[in-house]
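S.K.: As a plain string of letters, each chain reads:
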Amino acid sequence: MTKLAALLALNAPLFYGAPRYEVHRATAPITIDGKIDPPEWSAASPAFEFLFPWDSQTGEKQKTHARLLWDDNYLYVAYEAEDNDVTAQVQGRDDFVYRDDTAEIFLNVKPSQTRLYYCVEVNVRGVVMDYVCIDGQYYMRRFDLEGLQVGVHIDGTLNMRGDRDRGWSMELAIPWKNFADMAPPPHIGTVFTANLNRWDGTEPHRRLSVWADSKLNWPHPHAPANFGELVFVK
Amino acid sequence: MQRLAWLLAAGALVAAPPQRYEVKRAASPIQIDGKADEPAWEAAGKIEVPAPSPTTVRLLWDDNFLYLAFECEDSDSVVIQIHPKPPQTDAYIGLEIDRRATGRAFLRVGEYVFRQFHLQGVRLSTYVEGHAWTAEVAIPWNNFDDLSRQHGAGSTWTANWGRGSAAPPPLDQFGELVFVK
Chain A
33 MTKLAALLAL NAPLFYGAPR YEVHRATAPI TIDGKIDPPE WSAASPAFEF
83 LFPWDSQTGE KQKTHARLLW DDNYLYVAYE AEDNDVTAQV QGRDDFVYRD
133 DTAEIFLNVK PSQTRLYYCV EVNVRGVVMD YVCIDGQYYM RRFDLEGLQV
183 GVHIDGTLNM RGDRDRGWSM ELAIPWKNFA DMAPPPHIGT VFTANLNRWD
233 GTEPHRRLSV WADSKLNWPH PHAPANFGEL VFVK
Chain B
1040 MQRLAWLLAA GALVAAPPQR YEVKRAASPI QIDGKADEPA WEAAGKIEVP
1090 APSPTTVRLL WDDNFLYLAF ECEDSDSVVI QIHPKPPQTD AYIGLEIDRR
1140 ATGRAFLRVG EYVFRQFHLQ GVRLSTYVEG HAWTAEVAIP WNNFDDLSRQ
1190 HGAGSTWTAN WGRGSAAPPP LDQFGELVFV K
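Chains as they are written, first to last, in this note's numbering: chain A, 33 to 266; chain B, 1040 to 1220.
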């Protein structure tokens, strides 16, 4: 019942079951510093809240909200996460950052197929794991985004246990040119599919929350057929 | 000397069994200097690559690297296509190298080719003599890990070779690389 309410709140068309978000064009320059300044993001559709589809997860279900904007050169993503213990250990590019407090976006720029999509995962240290995903199964990490901008702002202390943090926010600017091997940049009316995810904590049964429910039986985000829709508008 | 002709004219392939090449373990160190004159290469059979002018490739392996040695009689580039197994996916990794020892990697999956794909730690050297050139390449195994972590003695991958800009053949026409001790 809560899940249904969440879907309704997102205006998701029930026949499809996946959420839909209108990505507006940015009307002001965005400084990628991790701080979600209202003037930069005022043109965006209201932020959507991530779902917790898996009952097996323990610990506090801390909220995450995300917004997107676009222009001719970039897709912009902003995450705002409540987090009372901000933690991240991974420091090497393309190492498994999803084991930390991490935000992700999976983007399918060719929704007529669901085999291949681009993935960007960034932990709260700003360390990136980017890859092409094949069949939800093979993570081709030798793929490298060019010109990706990452900004993280931590409201609290990183990796300090025993105190109480408030949260973190993240901004990404992803150049469209990175997807040229599959599709040109969007124009008004283009629909790409995507999922946005957040991993919270490093302990067993840590939380995965998602924009679109992957409908998998275990906490796992890779289900390209169940991505939500990003509709590019003015 | 073992000589295999891979990928004859398309018509000749109809009932042909897959070509098969035994990749032997390098018995002694290989210096990547463009000349495959180290003693270890004497154990490696030559594959003839169908091309407008004679081209051959040899392979060896050890714990850290897959080694390739090319001999080319014209100045075109060489395209290496390697399909690690298992998995049962059609993805393969490519590396185009030219006589100036520039290497460009790619990932191919079905009809899509991803060019922002960078292999790490590849050692590559060429030796040019007129139009002809030779190349030695050492590719660290970990570049294939995201497709398959199984390599070395007992594993079988598939591969193919091309010259210049010729379109690659379908995956089911790749030859087999059988890794042996």
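Source of the hints: derived by calculation from the structure; they are not laboratory data.
Every residue, glycine too, gets a C-beta built ideally from N, C-alpha and C.
Certain hints may be false.
Using 25 Å as the maximum straight-line C-alpha spacing, the simulated SDA-like pairs for lysine to any residue come out as follows [what the hints assert, rightly or not]: (1) A:K209 <-> B:V1152; (2) B:K1085 <-> B:Q1155; (3) A:K209 <-> B:K1085.
Some chain B residues well away from chain A (every beta-carbon gap over 12 Å; in silico) [to be verified]: (4) Q1058; (5) Q1127; (6) G1149; (7) Y1166.
Across the chosen pairs, the derived CB separations fall in these ranges [claimed, not checked]: (8) A:K209 <-> B:G1203: 25 to 31 Å; (9) A:W250 <-> B:E1061: 38 to 44 Å; (10) A:R125 <-> B:S1204: 46 to 52 Å; (11) A:K247 <-> B:A1171: 55 to 61 Å; (12) B:G1149 <-> A:W250: 25 to 31 Å; (13) B:S1204 <-> A:G49: 55 to 61 Å.
S.K.: Against this structure, judge whether each hint is valid.
M.R.: Hint check:
1. A:K209 <-> B:V1152: holds (14 Å)
2. B:K1085 <-> B:Q1155: Roughly 31 Å between the alpha carbons, so the hint for K1085 of chain B and Q1155 of chain B is violated.
3. A:K209 <-> B:K1085: Roughly 41 Å between the alpha carbons, so the hint for K209 of chain A and K1085 of chain B is violated.
4. Q1058: Check passes; 26 Å lies beyond 12 Å.
5. Q1127: Nearest chain A Cβ is 10 Å from Q1127 of chain B, so the label is violated.
6. G1149: violated (7 Å)
7. Y1166: holds (27 Å)
8. A:K209 <-> B:G1203: 25 to 31 Å: For K209 of chain A and G1203 of chain B the Cβ distance comes to about 27 Å; the hint holds.
9. A:W250 <-> B:E1061: 38 to 44 Å: Holds: the Cβ-Cβ distance is about 42 Å, inside 38 to 44 Å.
10. A:R125 <-> B:S1204: 46 to 52 Å: violated (32 Å)
11. A:K247 <-> B:A1171: 55 to 61 Å: holds (58 Å)
12. B:G1149 <-> A:W250: 25 to 31 Å: holds (28 Å)
13. B:S1204 <-> A:G49: 55 to 61 Å: 45 Å Cβ-Cβ, so the 55 to 61 Å window is violated.
In the structure shown, a violation is registered for the earlier hints numbered 2, 3, 5, 6, 10, 13, in ascending order.
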